[in-house]
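Number of protein chains: 2
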Amino acid sequence: MKYATIKKMGNTKQNVASVIFLIIFKKKMKIYFAGSIRGGREDAALYLQIIEYLKTFGEVLTEHVGDPNLTSLGDDGPTDKYIHDRDLQWLQSSDVLVAEVTSVSMGVGYEIGRAVESGKKILCLFRPGSGKNLSAMIAGCPSLILANYQTLEDSKIVISEFFKK
Amino acid sequence: MKYATIKKMGNTKQNVASVIFLIIFKKKMKIYFAGSIRGGREDAALYLQIIEYLKTFGEVLTEHVGDPNLTSLGDDGPTDKYIHDRDLQWLQSSDVLVAEVTSVSMGVGYEIGRAVESGKKILCLFRPGSGKNLSAMIAGCPSLILANYQTLEDSKIVISEFFKK
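Those protein sequences? They're chains A and Z, same order as listed. Residues 0 to 164 in numbering that gives the first Met the number 0 are what the first sequence lists, from first letter to last. Residues 0 to 164 in numbering that gives the first Met the number 0 are what the second sequence lists, from first letter to last.
It is possible that part of the hints are untrue.
Said to hold, decoys possible - A partial selection of chain A residues facing chain Z, derived with a Cβ cut-off under 8 Å: (1) A43; (2) A44; (3) L47; (4) M105; (5) I111; (6) G112; (7) V115; (8) E116; (9) G118; (10) L143; (11) A146.
To be verified - Simulated crosslink set (DMTMM-like; lysine to aspartate or glutamate; CA at most 20 Å straight-line): (12) K80(Z) - E116(A); (13) K131(A) - D153(A); (14) K119(Z) - D84(A); (15) K120(A) - E116(Z); (16) K131(Z) - D42(A); (17) K163(A) - E152(A); (18) K29(A) - D84(A); (19) K131(Z) - D75(A); (20) K131(Z) - E41(A); (21) K131(A) - E116(Z); (22) K119(A) - E116(Z); (23) K119(Z) - E116(A); (24) K119(Z) - D84(Z).
Unchecked claim - Stretch-level coverage of chain A by chain Z, calculated; a stretch enters the list once three of its residues show a Cβ under 8 Å from a Cβ in chain Z: (25) 66 to 74; (26) 77 to 86; (27) 95 to 104; (28) 155 to 162.
Just so you know, the hints here were simulated from the structure itself, not pulled from any lab data. In this text, a Cβ means the ideal position worked out from N, Cα and C, and glycines have one as well.
Just need the whole structure built from these sequences, with the hints factored in.
Written as structure tokens, this is what we have:
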């Protein structure tokens, strides 16, 4: 019994140490947010608001996608090769991909395609009220979660549910 | 010497047999052509002409992309899941991907992303004169050949060179 009590105490101490370790060193979740840049910046203000909410769940690696000063010229790097390689490195190092897919974007499609192949957890947010036709390659893809929404508040509920899973 | 002559004759017969075998059973090259559907059908007539030319190099699996009756509703299958799975199977079974990337398309971007991960040989055709801004994720991708062109005749030269390599 004495030995068992000591062992139990030891386990309790280990558990407390584990919790302290997790609080101090816990790896922050890395989130890759994808939204249209050169495809059109109509939704840039919305991206910014979604990114602000995503930041409550982890680190958003692509915060510049919501930058109101970033135009559809997409000059967020010295060369296209630089932008591609930087963004791809972020995508590969991320834990999840959250994409706003209402504005048609070749780059967002490319990022989703690569993330699917890498087995990333993917959430796509689409506004059917926009009148846009979402690609069947996204709408019919079984390797991602597609959520239709209307308002920013709706998207927050969807995002919150996504991170609970 | 006698043995060498017989051996040489034997080799010649084998070579002739190989050529005959190749002529009869040669695997036709499978080409996946990607172009915008739900992103917009402005370039549909051009897709049709490119597909016609591609057919001189092999079998084009996605001939429907050039169909003038296919609208931006993209109803080329009973469900989005059906379209996705069918197109993905074609993409995976293809030898090369040729994509016209001037019209912005989420699906084309997705297909390029998946093809890059699968190590496919990829040619992207872009018309800078269109005034469109090509995504940096395509323009800066080192795993594909990007060719700028203006006319259908230009695209034919590029395609011909691509298949020679």
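- Hinted pair K119(A) and E116(Z), Cα distance within 20 Å: Answer holds: K119(A) to E116(Z) is near 13 Å, not above 20 Å.
- Does I111(A) pass the interface hint, meaning its C-beta sits closer than 8 Å to a C-beta of chain Z? holds, 6 Å
- Do three or more residues from the region 66 to 74 of chain A put their C-beta atoms closer than 8 Å to C-beta atoms of chain Z? holds (count 3)
- Could you check if G112(A) really has its C-beta closer than 8 Å to a C-beta on chain Z? holds, 2 Å
- Message: So if I understand the rule, the pair passes when the alpha-carbon distance is 20 Å or less; does K80(Z) with E116(A) pass?
- Response: holds, 17 Å
- Classify the hint on G118(A) as holds or violated, based on whether any CB of chain Z lies nearer than 8 Å to its CB. violated, 11 Å
- Message: How does the region 95 to 104 of chain A fare against chain Z when you require at least three residues with a CB closer than 8 Å, holds or violated?
- Response: Holds, because 3 residues of the region 95 to 104 of chain A bring their Cβ atoms closer than 8 Å to Cβ atoms of chain Z.
- Task: Closer than 8 Å between Cβ atoms is the bar; does A44(A) clear it against chain Z? Give me holds or violated.
- Result: violated, 20 Å
- Supplied contact hint for L143(A), tested at 8 Å Cβ to chain Z: Result: violated, 10 Å to nearest chain Z Cβ.
- Query: Does the CB of V115(A) sit less than 8 Å away from some CB of chain Z?
  - Reply: holds, 7 Å
- Hey, K119(Z) versus D84(Z), does the alpha-carbon distance stay inside 20 Å? holds, 18 Å
- Item | Proximity test - 8 Å, beta-carbon atoms, the region 77 to 86 of chain A to chain Z, at least three hits | Contact hint for the region 77 to 86 of chain A vs chain Z: holds, 8 residues under 8 Å.
In summary, the numbered hints that this structure violates are 1, 2, 3, 9, 10, 11, 21 and 28.
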